[in-house]
Each structure stands twice: as structure tokens, then as C-alpha cells.
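Each chain, written out:
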Amino acid sequence: SQQGEEDPQALSIQEGENATMNCSYKTSINNLQWYRQNSGRGLVHLILIRSNEREKHSGRLRVTLDTSKKSSSLLITASRAADTASYFCATDGGSSNTGKLIFGQGTTLQVKP
Amino acid sequence: NAGVTQTPKFQVLKTGQSMTLQCAQDMNHNSMYWYRQDPGMGLRLIYYSASEGTTDKGEVPNGYNVSRLNKREFSLRLESAAPSQTSVYFCASRPGRAASYGYTFGSGTRLTVV
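Chains as they are written, first to last, in the working numbering: chain B, 1 to 113; chain Y, 1001 to 1114.
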């Protein structure tokens, strides 16, 4: 079963707008990660937030984590056409000794020029 | 700076045929993983190798076998392909088991079983 559930499944915005994607998970975690996948390509690691962190920034990306609600959000500010991709959250399911990640089903983002 | 290299990129098999998907990483990573990606299902873990010399089953291991040939290479074998194994297969690696590392992914193998 999927650990992460992402919302919305699809999002379409205009260039320059902000995009927000949400992820909910079921079990305790040590960290949560976000990945980007361009069409026909592999996934690219974007950012990792630890369970004792509430917010993290990387360039135009802002990730928040609420462990009490078992949820996370990814905000992309001032979006560009190049941000068009699918975005996945992934958690370790609380297991720190195997490195296994459990992925959500993803949010497909379209940024219109 | 190749990262994770997967071969082949595309493959069409007939039901019952066998094949091996190859994966190699040049980053001296300890842990390697095989995932499959199906529409609407996200990525599901098939097998993983937390360190050289070890392999373990993931969420969907049936119909697959793996070999961690050395620290660089982790292959996935389909012994008797079935249409349900039509998917995109991704290999990934990370420096160690610790949860603080992100994965580096290959570009995928698109497999069709007819």
C-alpha cells in the first residue's frame, strides 16, 4: 500500500504563480523527501526534511512538515514553464536501517507560459 | 558524472521470455534499489540491496530475482515475463542506509510484455 497520498493529483497554473502540493502519510517517519520527475525521465531528489524540522527552504522551494497531522506540503514560488513535471513525496516509514522509501502517487504540475 | 546507468532503455518481450535489466552506479554508493512505476500507482519497491552482498524483498518481489554483482552493479531478472510486468523500471542508489540521504535515480527501462 502507498504510504503517501498526494493532493491534488493534477494542478495547472500560469507562469509566475505559486504551486502548492500536499502529501499525507500513515506511519511514523524519520524524514520525508520530495522528488521531481520530468516526462519520460527518472526522479530527481529535491529536498529532505527531518521529522524534527517544521520548515525547510531550497531556492524557490519551501517544504513544511506537520508530524501531528502526518502531512507535508511543497510550495514552488514564482513558477516557470520548466517546473512542469510530476512531484512525489516519499517517506521511510519509520525504518532507518534499510533505506527503503515509500512513494506517493504524485502530483502532476503544468505551468503554462 | 554518469550517476546511475540503466540498460536497456526500451525492451519488448513475449510472454514467457526472460531478460535481465542492468543497473550500474559510479558514485561508490552502498545501497541500491529497484522500483517499478505504473500509471496511477506511483513507485513500488521490488527488491533492494542495503549493502554489497545483501539483497531483500520489497513490496512486489514476485516474478523477479536480483543480483548484487559488486558494489557498482545491481541487476534485476525476469525469469518468465508476464503482461502484468509491463512497466517502467527504475534503479536507484544512495550512499548508505541512513534515512538522511536522497536517492539518485537512473533514467528507467520501459518494458512491454506482449
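Among the clues, some could well be false.
What the hints assert, rightly or not - Here are the simulated lysine-lysine pairs, DSS-like style, with alpha carbons at most 30 Å apart:
#1 Y:Lys1071 - B:Lys100
#2 B:Lys56 - B:Lys69
#3 Y:Lys1057 - B:Lys26
#4 Y:Lys1009 - Y:Lys1057
#5 Y:Lys1014 - Y:Lys1057
#6 Y:Lys1071 - B:Lys70
#7 Y:Lys1009 - B:Lys100
#8 B:Lys100 - B:Lys26
#9 B:Lys112 - B:Lys100
#10 B:Lys100 - Y:Lys1057
#11 B:Lys26 - B:Lys69
#12 Y:Lys1071 - Y:Lys1009
#13 B:Lys26 - B:Lys70
#14 Y:Lys1057 - Y:Lys1071
#15 B:Lys100 - B:Lys69
Read the hints as simulated data drawn from the structure, not as lab findings.
It should be emphasised that the depicted structure is a prediction, and the values quoted were computed from it without experimental measurement.
Hint by hint, here is what the structure shows:
A C-alpha spacing of about 18 Å is found between Y:Lys1071 and B:Lys100, which places the hinted pair at or below 30 Å, so the restraint holds. A hinted pair counts as satisfied when its Cα atoms are at most 30 Å apart, and B:Lys56 with B:Lys69 qualifies at roughly 17 Å. Of the supplied pair hints, the one linking Y:Lys1057 and B:Lys26 holds, its CA atoms being roughly 21 Å apart against a limit of 30 Å. Taken as a hint, the Y:Lys1009 and Y:Lys1057 pair is honoured in the structure, with Cα atoms around 24 Å apart against an allowance of 30 Å.
In summary, the hint linking Y:Lys1014 to Y:Lys1057 is supported, as the alpha carbons are separated by about 25 Å, within the 30 Å threshold. Restraint check for Y:Lys1071 and B:Lys70: the C-alpha separation of about 35 Å exceeds 30 Å, so the hint is violated. Annotation: proposed proximity of Y:Lys1009 to B:Lys100 holds, straight-line Cα distance about 24 Å (limit 30 Å). With a CA separation close to 15 Å, the supplied pair B:Lys100 and B:Lys26 stays within the 30 Å bound.
Annotation: proposed proximity of B:Lys112 to B:Lys100 is violated, straight-line Cα distance about 35 Å (limit 30 Å). The straight-line distance between the Cα atoms of B:Lys100 and Y:Lys1057 is roughly 11 Å, inside the 30 Å bound, and the hint therefore holds. Distance restraint check for B:Lys26 and B:Lys69: the Cα-Cα separation of roughly 10 Å lies within the 30 Å cut-off, and the hinted pair is therefore satisfied. As the CA atoms of Y:Lys1071 and Y:Lys1009 are separated by approximately 22 Å, the hinted pair is consistent with the 30 Å bound.
Taking the CA atoms of B:Lys26 and B:Lys70, the gap is near 7 Å; set against the 30 Å cutoff, the hint holds. For the suggested pair Y:Lys1057 and Y:Lys1071, the alpha carbons sit about 18 Å apart, so the restraint of at most 30 Å is met. The hinted pair formed by B:Lys100 and B:Lys69 meets the criterion: a straight-line CA distance of about 22 Å does not exceed 30 Å.
The earlier numbered hints that this structure contradicts are 6, 9.
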